[in-house]
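Visitor: Next come the chains, spelled out residue by residue.
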Amino acid sequence: MSGTFVGMPAFPKAAHDAVRDGTLRANLRHATHTIRAKRAKAVAEVSDWAALREAGKQIKDHTLRHLDEYLVRLEQSVTAAGGTVHWAADAEEANRIVAGLIRATGETEVVKVKSMATQEIGLNEALLAEGIHAYETDLAELIVQLGKDRPSHILVPAIHRNRGEIRDIFRAEMGAWGRPAPEGLTDTPAELAEAARLHLREKFLRAKVGVSGANFMVAETGTLVVVESEGNGRMCLTLPETLISVVGIEKVVPTWRDLEVFLQTLPRSSTAERMNPYTSMWTGTTHTDGPRTFHLVLLDNGRTDTLADEVGRQALRCIRCSACLNVCPVYERAGGHAYGSVYPGPIGAILSPQLRGTQSEIDASLPYASSLCGACYEVCPVAIDIPEVLVHLRERVVEGGPVVREGNKVVLRPAKGHAAERAALRAARWAFSRPGALRAGQRLASRTRRLHPRTLPGPGRAWTGTRELPTVPAEPFRDWWQRTQGGKKEAE
Amino acid sequence: MSGRERILGRVQRALAAVPAGDTPYEQAVSRDYLREHGQRTVAEAVDLLAENLADYRARVHRCSAGELPAVIAGLLAARTSASVLVPPGLDEGWLADTQVTRVADLAESGARELDGVDSVVTACAVAIAETGTLVLDGGPDQGRRRISLVPDHHICVVRVPEQVVSSVPQALGRLDPTRPLTWISGPSATSDIELDRVEGVHGPRTLEVVLVGGPGQEPPGSVAGGG
Numbered sequence: 000m001s002g003t004f005v006g007m008p009a010f011p012k013a014a015h016d017a018v019r020d021g022t023l024r025a026n027l028r029h030a031t032h033t034i035r036a037k038r039a040k041a042v043a044e045v046s047d048w049a050a051l052r053e054a055g056k057q058i059k060d061h062t063l064r065h066l067d068e069y070l071v072r073l074e075q076s077v078t079a080a081g082g083t084v085h086w087a088a089d090a091e092e093a094n095r096i097v098a099g100l101i102r103a104t105g106e107t108e109v110v111k112v113k114s115m116a117t118q119e120i121g122l123n124e125a126l127l128a129e130g131i132h133a134y135e136t137d138l139a140e141l142i143v144q145l146g147k148d149r150p151s152h153i154l155v156p157a158i159h160r161n162r163g164e165i166r167d168i169f170r171a172e173m174g175a176w177g178r179p180a181p182e183g184l185t186d187t188p189a190e191l192a193e194a195a196r197l198h199l200r201e202k203f204l205r206a207k208v209g210v211s212g213a214n215f216m217v218a219e220t221g222t223l224v225v226v227e228s229e230g231n232g233r234m235c236l237t238l239p240e241t242l243i244s245v246v247g248i249e250k251v252v253p254t255w256r257d258l259e260v261f262l263q264t265l266p267r268s269s270t271a272e273r274m275n276p277y278t279s280m281w282t283g284t285t286h287t288d289g290p291r292t293f294h295l296v297l298l299d300n301g302r303t304d305t306l307a308d309e310v311g312r313q314a315l316r317c318i319r320c321s322a323c324l325n326v327c328p329v330y331e332r333a334g335g336h337a338y339g340s341v342y343p344g345p346i347g348a349i350l351s352p353q354l355r356g357t358q359s360e361i362d363a364s365l366p367y368a369s370s371l372c373g374a375c376y377e378v379c380p381v382a383i384d385i386p387e388v389l390v391h392l393r394e395r396v397v398e399g400g401p402v403v404r405e406g407n408k409v410v411l412r413p414a415k416g417h418a419a420e421r422a423a424l425r426a427a428r429w430a431f432s433r434p435g436a437l438r439a440g441q442r443l444a445s446r447t448r449r450l451h452p453r454t455l456p457g458p459g460r461a462w463t464g465t466r467e468l469p470t471v472p473a474e475p476f477r478d479w480w481q482r483t484q485g486g487k488k489e490a491e
Numbered sequence: 000m001s002g003r004e005r006i007l008g009r010v011q012r013a014l015a016a017v018p019a020g021d022t023p024y025e026q027a028v029s030r031d032y033l034r035e036h037g038q039r040t041v042a043e044a045v046d047l048l049a050e051n052l053a054d055y056r057a058r059v060h061r062c063s064a065g066e067l068p069a070v071i072a073g074l075l076a077a078r079t080s081a082s083v084l085v086p087p088g089l090d091e092g093w094l095a096d097t098q099v100t101r102v103a104d105l106a107e108s109g110a111r112e113l114d115g116v117d118s119v120v121t122a123c124a125v126a127i128a129e130t131g132t133l134v135l136d137g138g139p140d141q142g143r144r145r146i147s148l149v150p151d152h153h154i155c156v157v158r159v160p161e162q163v164v165s166s167v168p169q170a171l172g173r174l175d176p177t178r179p180l181t182w183i184s185g186p187s188a189t190s191d192i193e194l195d196r197v198e199g200v201h202g203p204r205t206l207e208v209v210l211v212g213g214p215g216q217e218p219p220g221s222v223a224g225g226g
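Line by line, the protein sequences are chains A and B. Here the first sequence is numbered in numbering that gives the first Met the number 0, starting from 0 and rising by one per residue. Here the second sequence is numbered in numbering that gives the first Met the number 0, starting from 0 and rising by one per residue.
Errors might be hidden in some of the hints.
Partial list, computed: chain A residues near chain B (C-beta under 7 Å) [unchecked claim]: (1) Arg64; (2) Glu92; (3) Pro188; (4) Ala189; (5) Leu204; (6) Glu229; (7) Arg233; (8) Leu258; (9) Gln263; (10) Ser279; (11) Gly289.
These are computed hints drawn from the structure, not numbers from a lab. C-beta atoms are modelled at their ideal positions from N, C-alpha and C, and glycine is treated no differently.
Please build the complete structure, drawing on both the sequences and the hints.
Guide: Listed below in structure tokens is the structure:
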């Protein structure tokens, strides 16, 4: 399997294949059901969850509405604390900056903290092209990297792998990357974790450059926050001499105090813990403790385009907890790979088409990768109305219209393949504005109802392949209303 | 055009519809969530801290200030540690009862040297009862971040009740963001295999917390142990 998402088929095709994979279905079902119950319990522990959720939404909304001011303030604070701030408009620019910074240290290998932003820009592949080896140190990222696989979940990128598969990957691949897996490695999670500890310890101890993302950046103080479990983050953030953090611009929050909201909602939403095992906070550089050089690369890569859409911009509130993936009936069955992006699941279905545009087949299909059941909205700790954005993006795909791409206003043409939808809606508009025609049509439909097929012909066949066609009543509602004077005669 | 100008320009164009007199930050966020969850006495907050630490598999011990050296000596002996990392400003009395070799965290010593040390003893800055969290801020009795990370056995001493707060909001109010901060809630763990929590990856796999002082002395030694 290739390690990139380029040239992915549309969601329906990818999902069609994924749902036939019995092992994948079982792995996903087991994992998502495990975490669902635990999350519900962790959230129920705090009586003010709704107020925390609302405050988190408000903090993020306010920050997004004044993003330029907060980014400039953040830059000032980080610089004052001894860090250097870089700005990257797209993936290519970010990769070029990071590769340049690493080359300047003379090093050819780096250790990495799990980071969605660096996944998004394909940093590891870009660095390899420059002769720099990036080692993933998060357990799940390690499993993905060793297995030459793609991530399928925001929090647990190897969620599609069960313990037996992980053991096989460790046995087969660890030796090529460094310390081999211990002899007689079994598939108990504790032994697998131990194998990762031994394999990576050597890399941590010799690493001179660390690369990370961040969960939050505080504009007021210049503080960056990384929330993690294993301690690999602490290793990468404190042992190397140089630290490079690549962070999406939407990760900024105004004040130190704002962390009191997110440090309560994020752990409970993501791993269903009161608090995750380790959280690191650093402000620039500190004399004699940790890296002597700190670079912050602020990443746009489609975020400002997303910001330009007043309905879609709420996707930028996302704190990457992945609660929406874990509750989603579509994700549970199709798995993360079908979404063709490092951001799978409901949030991915609204984030990827906005960050990348809806021009490719996969991105145009993502707004449809949902049953609009609303479970994602309900669990979201920053109240992103994912169904609302999905419908909004469906409209954009079908109707086209003005959007912003790479900072420029462009007008999208209506997508191909939705001609029947558009024709049906045009016909509906015509009929609903002509009562006589509507009545005649309804009566005709009622009288011929015994002749109606059970499935639709032509392009409608796919739709009725999984759905019952609604039966047409024997009498149209308006005829019934007139005949019975609104039901009065029937009641008598 | 630099990346900075390009990005800030794009942001400003995207936000052109936001009025100049938009709701200021202070009024944009309603802070009607709780400062702490439930009312509890100081002693109850300490009990909750012990309970939540143990729930995430930290081993919790309680003792008086006078008993602390014996408790630390006992923990190091039980672990059969040959060496212990000591932050520069740690109270020397805490290690008075043990003969284990002290190792200082010297500027010139690399991470590799620390990797050979069996245990580390530190104080902390704040402990949060509701979440079972210890926060280290790099103070003289806590040392650099790496010393509580590389050894496999961390003994952290919490002065109760004065270092204990109930909640995350209260803890942030006590902390200085300019210091490097490490929040620790139980030993290193992962949920990466089938989304189920397993203790013990890269950080210390054994976290022992000694709650020292405070009202209502229990007998020394472990009262609320974890796994």
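Visitor: A separate judgement is required for each hint: does it hold in the structure or not?
Guide: Right, here's what the structure says about each hint:
{"no.": "1", "hint": "Arg64", "result": "holds, 5 Å"}
{"no.": "2", "hint": "Glu92", "result": "holds, 6 Å"}
{"no.": "3", "hint": "Pro188", "result": "holds, 4 Å"}
{"no.": "4", "hint": "Ala189", "result": "holds, 6 Å"}
{"no.": "5", "hint": "Leu204", "result": "holds, 5 Å"}
{"no.": "6", "hint": "Glu229", "result": "holds, 4 Å"}
{"no.": "7", "hint": "Arg233", "result": "holds, 5 Å"}
{"no.": "8", "hint": "Leu258", "result": "holds, 6 Å"}
{"no.": "9", "hint": "Gln263", "result": "holds, 5 Å"}
{"no.": "10", "hint": "Ser279", "result": "holds, 6 Å"}
{"no.": "11", "hint": "Gly289", "result": "holds, 6 Å"}
Every hint from the earlier list agrees with this structure, and none is contradicted.
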